[in-house]
Each structure stands twice: as C-alpha cells, then as structure tokens.
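By the working numbering, the letter at position 330 of the sequence shown is numbered 330, and the numbering carries on one by one without gaps.
Bear in mind the hints are in silico, worked out from the structure with no lab data behind them.
One or more hints might be untrue.
What the hints assert, rightly or not - With a straight-line cut-off of 30 Å between C-alpha atoms, the simulated BS3-like cross-links for lysine-lysine are: (1) LYS186 to LYS218; (2) LYS268 to LYS337; (3) LYS186 to LYS268; (4) LYS231 to LYS268; (5) LYS23 to LYS268.
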Amino acid sequence: MMDEYTEIFGNANYQSWREIHTKAFGDIFVSAFEGNPEAQVHLTAALIHISNRRFEEAMPKLDFLDVIAECDFDKIAITYFKGLNYEFMGNEEEMTAYYEKVLASDIPLRVPFAFHPYYRTAKFAQRDSECSKAIHYYRKALAFYDGIVPDPKAAQNAGQIIYDVATVYLYMHRYDECERFLQWSKTYAPDKNEQRDFVAAILCAVQGKAEESQRLLKGMHTFYKRNCEPKVKAILAGADPHYCVVPQDRCAYGYFWTSVAARAEDMKALLKNDDADAAENIMSELLTETLPFMKRRLTCRMDMAEGCVTVYCKDYCVKTLAAEYDALFSIKPTELKAWNYICIHEFEVFKI
C-alpha cells in the first residue's frame with residue numbers, strides 16, 4: 001500500500017495539484033493529515049473535483065476523510081472543506097451547518113480570503129442585488145473574528161468584509177449605515193484605501209456634501225478618479241438613475257399593457273401547469289423592452305391563486321426604476337384587474 005502511494009507522490013501531475021492547492025488554501029491544506037499519505041491523496045483528489053466543479057464526486061472522498069480523521073485539526077479541516085464544497089454547490093443549509101461547526105471549534109484555522117466561509121455566497125448575493133442576503137452572509141463571515149485580537153492579515157480581512165457591507169448599504173440607500181460601516185472598517189484597516197474613498201465620495205455626493213466629495217476625488221489615483229468622478233457628477237446633477245429619480249420616456253407603457261393582455265392566457269396556462277419560469281420569462285422580456293434605460297434584463301416572480309395573478313417586479317433598489325414601475329402600474333387597464341403588480345427590492349429577504 002505504501003509503495004502505491006509513494007508512486008503517486010512522485011507523479012508530476014499529483015505534485016502539480018498539490019502545489020496549486022497549497023497556493024490556494026495554505027496551511028489548512030498542507031497541515032491536514034500529516035504523516036498519512038493515503039489521506040493526503042484523497043484530500044487532493046477531492047479538491048481536484050471541487051476545482052473542476054465536480055462537487056458530487058468530491059463528497060464521497062470528503063466523507064471518507066471525515067471517518068478516518070483522528071486529530072482535531074484534521075476533523076475541523078474536513079468540516080471546512082465540506083462546507084466549502086456545499087457553498088460551491090449552492091446548498092446554503094448544508095454550507096451553514098458545516099461552517100457553524102468550524103466557527104464553534106476551538107481550533108484556530110487560517111483560511112484564504114478568497115475561500116473565506118460565507119464570503120462567496122455573500123458576494124454572489126450582492127452581485128444579484130439580493131442585498132439583505134448579502135449582508136446576512138457578510139455578517140456571518142465577520143463572526144469568525146468575534147472576540148479575538150486579529151493579526152494584521154486577519155485585521156485586513158475583517159476590514160474588507162466590513163467595507164463590503166458598507167457598499168451594500170450604499171446601494172440600498174441606507175446611508176447612515178453605510179457611513180457607520182465605512183468608519184468601522186477603518187478601525188481594522190486604518191491605512192488609506194482607494195476603494196473606501198471611492199464609496200465615501202459617492203456617499204458624500206448623495207448626502208449633498210459636494211465639497212467633501214470633491215476633496216476625496218482629488219486624493220484618488222487616476223484609475224479610481226476616472227471611474228468615480230462621472231458618478232459623483234451625475235448624482236450631484238440629479239441625473240444618476242440609481243440614486244436619483246430621473247424622468248424617463250413613457251411612450252411604450254400603453255403597448256406593454258396591450259402585450260400583457262395578449263399573452264395573459266398563455267402565462268396563466270403556464271402557471272397552472274407549474275411552469276412559473278416560462279411565464280416569468282415572458283413577463284421579464286416585456287418589462288425589459290418597456291424600460292430600456294436599465295440596460296439589463298429585468299426579472300420578476302409570478303404566482304397565481306384563485307385565478308388572480310401576482311407579479312413581483314424587482315426594482316434592484318434603483319430609485320428611477322421604482323418610480324417608473326409606479327407610473328407603469330398606475331395605468332393598468334381594467335381588463336387586467338385580476339393581475340396584481342407589486343414592486344419589491346429583492347426576492348429573498350433576510351432579517352438584518
């Protein structure tokens with residue numbers, strides 16, 4: 001058996017993957033199952049599967065390692081990798097179960113920031129404008145720093161997560177919370193931070209603090225200034241659709257309702273057949289065509305009860321879109337009285 005694993009250890013492909021995962025995961029990978037070549041091979045193979053997005057194939061190997069783990073470090077390392085695998089799979093329930101075991105452990109783990117528990121889920125939720133979900137998971141990520149005096153690297157990580165929360169609050173128009181988290185991030189990472197100044201400049205603009213916003217712009221390097229300055233100018237001019245209500249051309253609104261009426265029975269049939277996705281795709285296309293200023297596909301959710309259809313239209317916290325949805329829904333024809341349109345910020349709301 002040892003000869004078999006000695007041969008694998010000498011394999012160039014195996015060594016290459018060990019090097020890749022050492023760079024990616026550091027100590028939690030290198031120190032796991034020291035002195036157990038069979039376990040190291042299985043752990044490397046599991047991470048190769050994860051790297052190749054073959055998550056289901058990784059799980060049996062992780063389960064095997066869970067059984068043979070003897071020391072506390074090995075057990076908590078596998079618990080972490082199981083949580084990570086479930087996070088990549090999008091299984092938030094199992095992800096949380098394993099990450100909470102890691103959090104409850106007394107074993108100090110150093111994990112790479114790119115694979116920090118909950119961080120990827122929070123980032124994806126922020127990307128999808130699911131803001132309360134993003135903050136929920138950013139805060140869970142921050143819990144790994146509770147009650148400890150962090151080393152410089154840990155302090156940098158915590159400061160980054162706190163900054164990320166600030167950006168979400170800015171997007172949500174919760175400016176006081178944004179300001180609070182920006183200040184909090186400085187306690188962990190007090191050095192000048194161009195990204196933080198970028199957000200602070202936008203925050204000052206929406207708060208009407210033009211001089212402070214300009215001061216921050218002057219202190220930025222060219223790259224950040226070139227991207228931030230147009231946003232600040234648009235906000236101060238009341239011309240930024242996200243932070244301001246910018247009047248739009250509404251000539252297509254009547255045609256929208258004509259199109260809905262023409263497709264109403266088709267969409268209801270799809271809903272009756274439990275094919276909400278297809279019905280939502282039709283409605284999303286109509287909304288996107290009617291509101292082109294958003295320059296993105298507008299999504300919705302639909303359900304039907306007792307012949308009445310409810311359409312939940314996501315406004316992405318965009319002030320102009322919310323205003324235009326109000327205008328569009330206000331001229332709904334009487335023939336569609338059984339169709340209810342509701343403007344919402346996000347589809348999945350978490351308590352924050």
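To see whether the hints hold, each was checked on the structure:
1. Distance restraint check for LYS186 and LYS218: the Cα-Cα separation of roughly 20 Å lies within the 30 Å cut-off, and the hinted pair is therefore satisfied.
2. Straight-line distance between C-alpha atoms of LYS268 and LYS337 comes to about 14 Å, which keeps the hinted pair within the 30 Å bound.
3. Note on LYS186 and LYS268: the hinted pairing is violated, with a Cα-Cα distance of about 53 Å set against a maximum of 30 Å.
4. Distance check on the hinted pair: LYS231 and LYS268 sit about 42 Å apart at the alpha-carbon level, beyond 30 Å; violated.
5. Distance restraint check for LYS23 and LYS268: the Cα-Cα separation of roughly 53 Å exceeds the 30 Å cut-off, and the hinted pair is therefore not satisfied.
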